[in-house]
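> For reference, the chains in residue letters:
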Amino acid sequence: MSALPTLLPEATTAGGYLLVLMLVLPLAGVFAALTLGGRNARRVAMLTIPAGLALAVVIGVELVQSDRTLVYLLGGWAPPLGIALRADGLSAVMLLTTTVVLLGVALFAREEFNTPENVPESRAPFMFWTLLLAVWGALNAVFLAGDLFTLYVALELLTFAGVPLVSLEGRPETLQAALRYLLFALFGSVLYMLGAVLLYGAYGTLDIALLAERVRPEAVSFVAAALMTTGLLAKTALFPFHLWLPPAHAGAPAAASAVLSALVVKGSWFLVVRLWFDVMPGVVTLPAAQLLGALGTAAIVVGSVVALRQERLKLLVAYSTMAQIGYLFLMFPLAFDSAGSELVHGAALTGGFLQVISHATAKAGMFMAAGLIYAALGHDRIADLAGVARAMPVTVLAIALAGLALMGVVPSGAYLAKKLMLDAADGSGQWWWIIVLQGGAVFTAGYVVLVLASVLRSRSEPMPLVKRVSRLSEIVALVLSTSSLLLALAALGPVVPGELIANPLAPKELGMLLAVVLGGALLALGLSRRSLFGARTDSEANGGSLRRSAVAVGKAFELADRLIRRWQFASISLLVMVALVGGLLVSSVST
Amino acid sequence: MNAPTLFGLCGAALVGLGLYGLIVNPQPLRKILSFNLIGSGVFLLFGVVARRGAALGMGGDPVPQALVITGIVVAFSATALAVALLLRLQEASGSATLSSPESADRPEA
Amino acid sequence: MNLAPLVDGSLVALILAVAIWTIAVRDSFAAVVGYAIYGLMLALAWVRLAAIDAALTEAAIGGGLTGVLLIRAAVRLRPTESVVAEETPARFVKALAAVLAGTVSVALAVVVLSLPVPAPTLAPQVAEHIASTGLGNAVTAVLLAFRATDTLLEAVVLVFALIAVWSLAPDGFWGGRPGPRYHLEAHGMLAYLARLLPPLGIIVAIYVFWVGADLPGGKFQAGTLLAAMWLLTIMAGLTNTPPVSRRWLRVALVTGSAVFLAIGFAGVPLAGAFLAYPEGYAKPLILVIEAASMLSIAVTLALLVLGPPERGDQA
Chain E
0 MSALPTLLPE ATTAGGYLLV LMLVLPLAGV FAALTLGGRN ARRVAMLTIP AGLALAVVIG
60 VELVQSDRTL VYLLGGWAPP LGIALRADGL SAVMLLTTTV VLLGVALFAR EEFNTPENVP
120 ESRAPFMFWT LLLAVWGALN AVFLAGDLFT LYVALELLTF AGVPLVSLEG RPETLQAALR
180 YLLFALFGSV LYMLGAVLLY GAYGTLDIAL LAERVRPEAV SFVAAALMTT GLLAKTALFP
240 FHLWLPPAHA GAPAAASAVL SALVVKGSWF LVVRLWFDVM PGVVTLPAAQ LLGALGTAAI
300 VVGSVVALRQ ERLKLLVAYS TMAQIGYLFL MFPLAFDSAG SELVHGAALT GGFLQVISHA
360 TAKAGMFMAA GLIYAALGHD RIADLAGVAR AMPVTVLAIA LAGLALMGVV PSGAYLAKKL
420 MLDAADGSGQ WWWIIVLQGG AVFTAGYVVL VLASVLRSRS EPMPLVKRVS RLSEIVALVL
480 STSSLLLALA ALGPVVPGEL IANPLAPKEL GMLLAVVLGG ALLALGLSRR SLFGARTDSE
540 ANGGSLRRSA VAVGKAFELA DRLIRRWQFA SISLLVMVAL VGGLLVSSVS T
Chain U
0 MNAPTLFGLC GAALVGLGLY GLIVNPQPLR KILSFNLIGS GVFLLFGVVA RRGAALGMGG
60 DPVPQALVIT GIVVAFSATA LAVALLLRLQ EASGSATLSS PESADRPEA
Chain P
0 MNLAPLVDGS LVALILAVAI WTIAVRDSFA AVVGYAIYGL MLALAWVRLA AIDAALTEAA
60 IGGGLTGVLL IRAAVRLRPT ESVVAEETPA RFVKALAAVL AGTVSVALAV VVLSLPVPAP
120 TLAPQVAEHI ASTGLGNAVT AVLLAFRATD TLLEAVVLVF ALIAVWSLAP DGFWGGRPGP
180 RYHLEAHGML AYLARLLPPL GIIVAIYVFW VGADLPGGKF QAGTLLAAMW LLTIMAGLTN
240 TPPVSRRWLR VALVTGSAVF LAIGFAGVPL AGAFLAYPEG YAKPLILVIE AASMLSIAVT
300 LALLVLGPPE RGDQA
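Chains as they are written, first to last, in numbering that gives the first Met the number 0: chain E, 0 to 590; chain U, 0 to 108; chain P, 0 to 314.
One chain only, chain E, in its complex shape (with noise of 0.2 Å):
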């Protein structure tokens, strides 16, 4: 999507007043449900989410019809005296993608988190509820907000609604991980706002598109754009900073883990594209984004070897989280204009954004399944998982088709973005991001593989099930699965021209689709713990010498995440990586 043209001097647009409203909407609705308590939390989210989906609609419709950037000057003062709320394309998929699945977590979570009958009030569903609509009010407020500062207060806002989701069960371990999340992502906010200083010292406002004018190459700028890039990749958990991550995600209750992995990260992600393409985009440059691209890269095959070592299954989902977050960084060396000079609005960031919605659905719907297997089973242990397609088909259903939209089988979102990507690695020449498109297919193919193979595996006696789970909540779990798998064909028309979707059974696609699975049965068979045909006893030590070498492989990258994962060496790495890219900013000057 090309940018849309904002109006300067800036003035507010027709359809301004909407953002306001979508804003404004989800503070009123946690501030009802903390006064109106008890179950009328939920009451207030299940009436506001609908509406907020509607907004965003509205919004989307008005942009499209005004093709400009809608603009609302707040208090009706201009930039830089003022703050500004905008919607570009960018805000506006954002907010329809966040409300889509916010609504899906909502029906999902609608009997798990329901107070009891004899209590007023009760901690978890009330806060479950509240922490719902505050995550969604902080998103509107990062999609929306045109002024830095503001931005840093809305991070804030999503660390401080995120960060209680994680530890929402009370169990110590998930405690511990929301400590760890809050304290790293306070770290990144630091560097975030240390970055935003110095801009406003140079430059004299912090307003986005008037930095945008004002900005140039020179030494204050490349140090602001290290350390508010690092800043924001510490909160977007990318290798190698992804140590809070897994155990957060993992901990969290299926419906808040969906919301975890799905929205809230990606908040500080669409602040690094505001960052570089907005403010920024002459003063990036492309070694810096192919150091953001090979990280992208390492966290694709790390967190699949990893992925594929796992016992649990929400651990498992939570690695191909961190895995899949290494896609969306991708396109930065992508979408370069032809000198390679500067960021531009292409192809290369549609696919970008392609690949975000497709994520932030099909990992929710795969969440939610993962959930609904652990409340059913009362475990979530892989290697035990046998009989769970025939006990629970539309669960299992869900996660299959969860897994095809995030390797990128025809028509998910994944695939099309793929496929712009990868006309762009062709157009720019840089034939290395071709490998890593189609490899990362079948790293992704492989944790797929291993969850299939396990549930699909028959059972001699029946599943005991421990409890019954809702009817509605399997089949919203498929239905965002489903819509992941299919989002290609959605986007069609407004945004990509059709001859980009293959026939998915043509004999070529096919092909592909088969090489990749084949690819990724073959990582599976090497890596994981235990045998993909059912034997209890653990296969490690047996098998041949190219099973025990695989194991070994797969030994190594799971002793080299937990090292990673370590305090000391992640946030080491991230001052590195501050180092690193003001290193590459400040080289391209020297040329």
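There could be a bad hint or two in this list.
To be verified - Partial list, computed: chain U residues near chain E (C-beta under 8 Å): (1) P27; (2) I37; (3) L44; (4) L55; (5) M57; (6) G58; (7) A81.
To be verified - So, partial list: chain P residues that the calculated Cβ filter (under 10 Å) puts toward chain U: (8) L41; (9) P117; (10) A118; (11) P242; (12) L248; (13) A251.
Source of the hints: derived by calculation from the structure; they are not laboratory data. We put the CB at the ideal spot given by N, CA and C, even for glycine.
Start from chain E and add chains U and P according to the hints.
The following block gives chains U and P in isolation, referenced to the frame of chain E:
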């Protein structure tokens, strides 16, 4: 060297000190202290920027000063949340540490 | 002889010395006390930078409330701190961290020294438009007129933080009272102070709030004072903390932001934009917002210090 520059260098030094403390001190309480140190260093830098923008009878550019006030309140909220989480962790698990990744990535089923 | 550089230099040296001590000292409790001292000295630095509003806020919140919060935490953590201290990293990790932190400091110093002269500033624009707000204090004008949304969101941050803190309550004590029950020593010094100071504190707070429209001051500083007075009476045992399930408490938390939003929306028909003020009514409306926010801020700050519910309703 005038006052703003001196305080600016002070702020830069505080940021560095806080970063060191945040990385090296194992106790979460000390990490929270270090985070506050970094935050106050960043705000001091903002204050220096404000002072340099003094004009028209005002002692400094009022916009960064206002943002600093907001920032101090936000930093306090963050500290309060972190402290509450830490105390709860100590109460629930008997120890107040961030490490032991073994138990951190294998929550009980 | 111009003493200013000497004063500034000594202040900076003191600040850095206390900061280094806070990082390096072994005992966590000592570090926390060091931080409280650091906060107060930093307030002096703000005075030297001619940012009195920020100085007041730093002293009240940064030094005062944060100090109280951390000291209570340090006391409760005393048993386990020395155990965790064993996990000190290896020497080369410390060296690496020092090098990297030092590099960041040096880069920042270089940038600070190379900031543009004349410095870009928004002071002229503020001076141009401040008359329409009816205020004399430029910082208050920025906070409540030009960048009012930041202040609104910041009130929201406080509420979100409190919600997050409350979510940590053990299930059994949900809806109960935060903090321990302090015992009243009827003839002790603390009880004496808790009877003497709050009325004075309230008067000073109202003054700080009222004068903040034209001179340094305002709702944050006033709210912090009120919070401190309330905390004093609680810690002396004169009053009990309120249960978090009480409706009046929840309403008190939300009132400031609710009034802010209401006046903000009233600005749409009356002044053409959300959070705009109609001609001539800016100052009274701002004072109304500030008054409501001051009370909410006071309640929220105090509750943030007290923590999540840890006793039942009746305790």
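> None of the hints should be skipped; say for each whether it holds.
Against the structure, the hints come out as follows:
1. A distance limit of 8 Å between C-beta atoms decides the matter here; for U:P27 the minimum to chain E is near 6 Å, and the interface restraint holds.
2. With 8 Å as the threshold, the beta carbon of U:I37 comes within range of chain E, its nearest partner Cβ sitting at about 5 Å, so the hint holds.
3. Because the beta carbon of U:L44 sits about 5 Å from the nearest beta carbon in chain E, less than 8 Å, this interface hint is met.
4. A distance limit of 8 Å between C-beta atoms decides the matter here; for U:L55 the minimum to chain E is near 14 Å, and the interface restraint is violated.
5. Taking 8 Å as the C-beta contact cut-off toward chain E, the hint placing U:M57 at the interface is violated, the least distance being around 14 Å.
6. At a threshold of 8 Å, the smallest CB-CB gap from U:G58 to chain E is about 17 Å, leaving the interface hint violated.
7. Contact between U:A81 and chain E, as hinted, is supported at the beta carbon level, the nearest pair being about 6 Å apart and thus within 8 Å.
8. Interface hint status for P:L41: upheld, as the beta-carbon distance to the closest one in chain U is roughly 6 Å, under 10 Å.
9. Satisfaction of the interface hint for P:P117 is found here, the shortest Cβ-Cβ separation to chain U being roughly 8 Å, below the 10 Å cut-off.
10. With its C-beta approaching chain U no nearer than about 4 Å, P:A118 sits inside the 10 Å limit, and its interface hint holds.
11. Hint status for P:P242 relative to chain U: violated, with the closest Cβ pair at about 17 Å, above 10 Å.
12. Taken as an interface hint, P:L248 does not check out: its beta carbon lies about 17 Å from the nearest beta carbon of chain U, beyond 10 Å.
13. With 10 Å as the threshold, the beta carbon of P:A251 stays out of range of chain U, its nearest partner Cβ sitting at about 17 Å, so the hint is violated.
The structure does not agree with the numbered hints 4, 5, 6, 11, 12 and 13 stated previously, though it agrees with the rest.
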